[in-house]
Amino acid sequence: MTDPGRPRIFLVDDHAMFRSGVRTELGHAVEVVGEADDADSAIELINERVPDVVLLDVHLPGGGGRAVLQGVMPHHPEVQFLALSVSDAPEDVIAVIRSGARGYVTKTISGGELLQAVYRVGAGDAVFSPRLAGFVLDAFAGGAGAEMAAGVDPELDQLSPREREVLRLIARGYTYKEVARDLTISAKTVESHVSSVLRKLQLSTRHELTRWATDRRLV
Amino acid sequence: MDLHGQWKQHRRGGRRSHRLRGPIRRSPDARVLAGVCGGLSRATGIDVTLVRIGFVLLSLGSGIGVLVYALAWLLLPLGDETTTIFSRAVTDWRGIRLVVALIPVFVVVQLVAAALHIGYLGSFSWPVLLAAGLAILIHRNAGAAERVWINDDLLPMLRTGADRHSRWSLALRALAGVVLGVGGLLVLILGHTSSAALRPVGGALLVIAAIVVVFGPWWLSLVRDLISERQARAMVEERAQMAAHVHDSVLQTLALIQRSADDPRHVVRLARAQERELRSWLFEGRPPGTIGDEAVTLADGISLLQRQIEADHGITVQVVVVGDCDLTDRLRALLDASREAAVNAAKWSGAGQVSIYAEVDRDAVMLFVRDRGQGFDPEAVPGDRQGIARSIRARMSRFGGSAVIRSSPGEGAEVELSMPRRELVR
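Top line first, the protein sequences correspond to chains Z and A.
To convert, take the position in the first sequence, counting from 1, and add 396; that gives this note's numbering.
To convert, take the position in the second sequence, counting from 1, and add 17; that gives this note's numbering.
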């Protein structure tokens, strides 16, 4: 990141309205280096301009947000992706996270929160919307479930009690700062818990996650 | 000549003639009971007072007078009526069944009379009971005008115990009780040796009858008081529930309408939604502000709640549900309480978004309603404030759940609701 105060962001969304909305809301705090309205042009432009953060619409003509992730990440792993959608369907959310996005928020998010999410993703942390936290709790429910496939890594397929607590508070609508205060831990610790959950989310072979992924023909 | 004309001719026919003149009719204007004596007197020319004395003597002697009177009542048309009560009674099957039901009473009275060797009671009872049967038919089949008279004037005279405050009825009951009681005691004390074994039984029966006559109406009134007390309590509960429902729906809507007075379209939408809800409450019995059968699972119910609150209150509702289960009555109550919490947030917090998080556990459902608005001091809210007290806490505790409200000024508010999924084993 060249200028930590003003991250360079790239907008991928097929709705021009949304793109201009984000521009006006975040324009003062970020540098918008480009826009695209479909997957192919997005891959081309992102690989060319290498922004800090890509705001990626999950539903996109030409293969969806997942195609963009697959087209960019092998070449520029330093580019961070923050997924956005209106729908909130679990398979959409899980699909983009497992494809490599560092965070997921809904489009109803306020400008200030979106900016915070951009900063956080730009710094390599994970951003969980309450919705995503709920999905993860759902997917990892029941601890070491009997329904898990044989030979899975318990380290990856279970949430620690602390991670569970953090996710629960996020799902209740708490900000990272509020979570930290409620659990009397530092904000940095909250972020590391969330990043650890994100990693599990991306790598776990838990039945629920693979099922959601299969629904999106990811595996 | 029609019957009416005949009747008029009879009236014109001299009263002093002792000859029977054609069909007898009961007299509607010279009557004490049914006008039978008046009619007879008119038809025969015998003075009405004499006829009455004759009936009273016949009744006291053997009871036959009562029966004859009842028969006459049944068979003679009143005034200028064209049909008799009897002609209507023959098709009144319910009435006839009631009369048949008197037969066991008749049998019992006969048995008691025989057992007690009271011959006159036995011979007295059958005409009286027959007359009672006829009285049932008369009451059920009398003409409209006569029935009004029976219901308004005659029955109140007989129903002495019905009016608790009437001194007359009290005196009459006391008198009847004393007569029966003294009679019973006399039978008990002066029992003849010949039937010594059975007399005490008869005496006891009479004493019991006395007690029933004296205290029966009082017992009845006690039972009536109990029933009305229970009804009153049910009504108070019903009122409380209704107040909660009206508060949840109508009052909320009215407050919203006042706030959005400058947006006519929004007002119309609110009013229409409220109208729909009230209709479904009044005519389909579904309480307003509740999630009905359209939602099967908890997640369905919460997303329905989300849509309704977003539509009605213009606030974004963010919903996260972990796990799911079928909706039960107690979970519907949980949803009602969470609706109230979210609506409170929409109305008072000033926040643009409220978060609902629900987690379904094996034993309980936890639900959090959180806003980032101005917050309040939960201690400062009077405990009787309708919204929090009734709609949230009372609803939860009615099903064994609990509600915790956390807030402080400037910090937003969070309502934590917990509802056990099944009855707690105590």
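Fair warning: there could be bad hints in the mix.
Computed cross-link-like contacts, SDA-like style, restricted to lysine to any residue with a CA-CA straight-line distance of at most 20 Å [said to hold, decoys possible]:
id, chain 1, residue 1, chain 2, residue 2
1, A, Lys364, A, Ile274
2, Z, Lys503, A, Asp380
3, Z, Lys503, Z, His455
4, Z, Lys503, A, Gly369
5, Z, Lys573, A, Gly427
6, A, Lys364, A, Ser277
7, Z, Lys503, A, Gly331
8, Z, Lys573, Z, Gln554
9, Z, Lys503, A, Val336
10, A, Lys364, A, Arg250
11, Z, Lys503, A, Ala368
12, Z, Lys573, A, Ala368
13, Z, Lys503, A, Gly417
14, Z, Lys503, A, Val284
15, A, Lys364, A, Ser435
16, Z, Lys573, Z, Ile505
17, Z, Lys503, A, Arg324
18, Z, Lys503, A, Pro437
19, Z, Lys573, Z, Gly518
20, Z, Lys584, Z, Glu559
21, Z, Lys573, A, Val284
No lab work stands behind these hints, which were simulated from the structure alone.
Please read these numbers as outputs of a predicted model, since none were measured by experiment.
The hints, checked one at a time:
The straight-line distance between the Cα atoms of A:Lys364 and A:Ile274 is roughly 12 Å, inside the 20 Å bound, and the hint therefore holds. Of the pairs offered as hints, the one joining Z:Lys503 and A:Asp380 is violated, with about 35 Å between alpha carbons and a cut-off of 20 Å exceeded. Between the alpha carbons of Z:Lys503 and Z:His455 the distance comes to roughly 12 Å, so the proposed pair stays at or under 20 Å and holds. Pair hint Z:Lys503 plus A:Gly369 holds up; C-alpha atoms about 15 Å apart against a cutoff of 20 Å.
Proximity of Z:Lys573 to A:Gly427 is assessed by CA-CA distance (about 16 Å); at most 20 Å being required, the pair is judged to hold. For the given pair, A:Lys364 sits about 12 Å from A:Ser277 by alpha-carbon distance, which is consistent with the 20 Å threshold. Between the alpha carbons of Z:Lys503 and A:Gly331 the distance comes to roughly 17 Å, so the proposed pair stays at or under 20 Å and holds. A distance of roughly 25 Å separates the Cα atoms of Z:Lys573 and Z:Gln554; the hinted pair therefore is violated under the 20 Å criterion.
Distance hint between Z:Lys503 and A:Val336 is fulfilled; the C-alpha atoms sit about 14 Å from each other, no more than 20 Å. For the proposed pair A:Lys364 and A:Arg250, the alpha carbon gap of about 34 Å is over 20 Å, so the pair is violated. The suggested pairing of Z:Lys503 with A:Ala368 holds, with an alpha-carbon distance near 18 Å, which does not exceed 20 Å. As the CA atoms of Z:Lys573 and A:Ala368 are separated by approximately 19 Å, the hinted pair is consistent with the 20 Å bound.
Of the pairs offered as hints, the one joining Z:Lys503 and A:Gly417 is violated, with about 38 Å between alpha carbons and a cut-off of 20 Å exceeded. Note on Z:Lys503 and A:Val284: the hinted pairing is violated, with a Cα-Cα distance of about 28 Å set against a maximum of 20 Å. Our distance criterion of 20 Å between C-alpha atoms is broken by A:Lys364 and A:Ser435, whose separation comes to about 23 Å. The hinted pair formed by Z:Lys573 and Z:Ile505 meets the criterion: a straight-line CA distance of about 17 Å does not exceed 20 Å.
Using a Cα cut-off of 20 Å, the hinted pair Z:Lys503 and A:Arg324 holds, with the two alpha carbons roughly 17 Å apart. Using a Cα cut-off of 20 Å, the hinted pair Z:Lys503 and A:Pro437 is violated, with the two alpha carbons roughly 35 Å apart. At most 20 Å may separate the alpha-carbon atoms for a hinted pair to count; Z:Lys573 and Z:Gly518 meet this at roughly 18 Å. Pair hint Z:Lys584 plus Z:Glu559 holds up; C-alpha atoms about 13 Å apart against a cutoff of 20 Å.
A C-alpha spacing of about 39 Å is found between Z:Lys573 and A:Val284, which places the hinted pair above 20 Å, so the restraint is violated.
When held up to the earlier numbered hints, the structure conflicts with 2, 8, 10, 13, 14, 15, 18 and 21 and fits the remainder.
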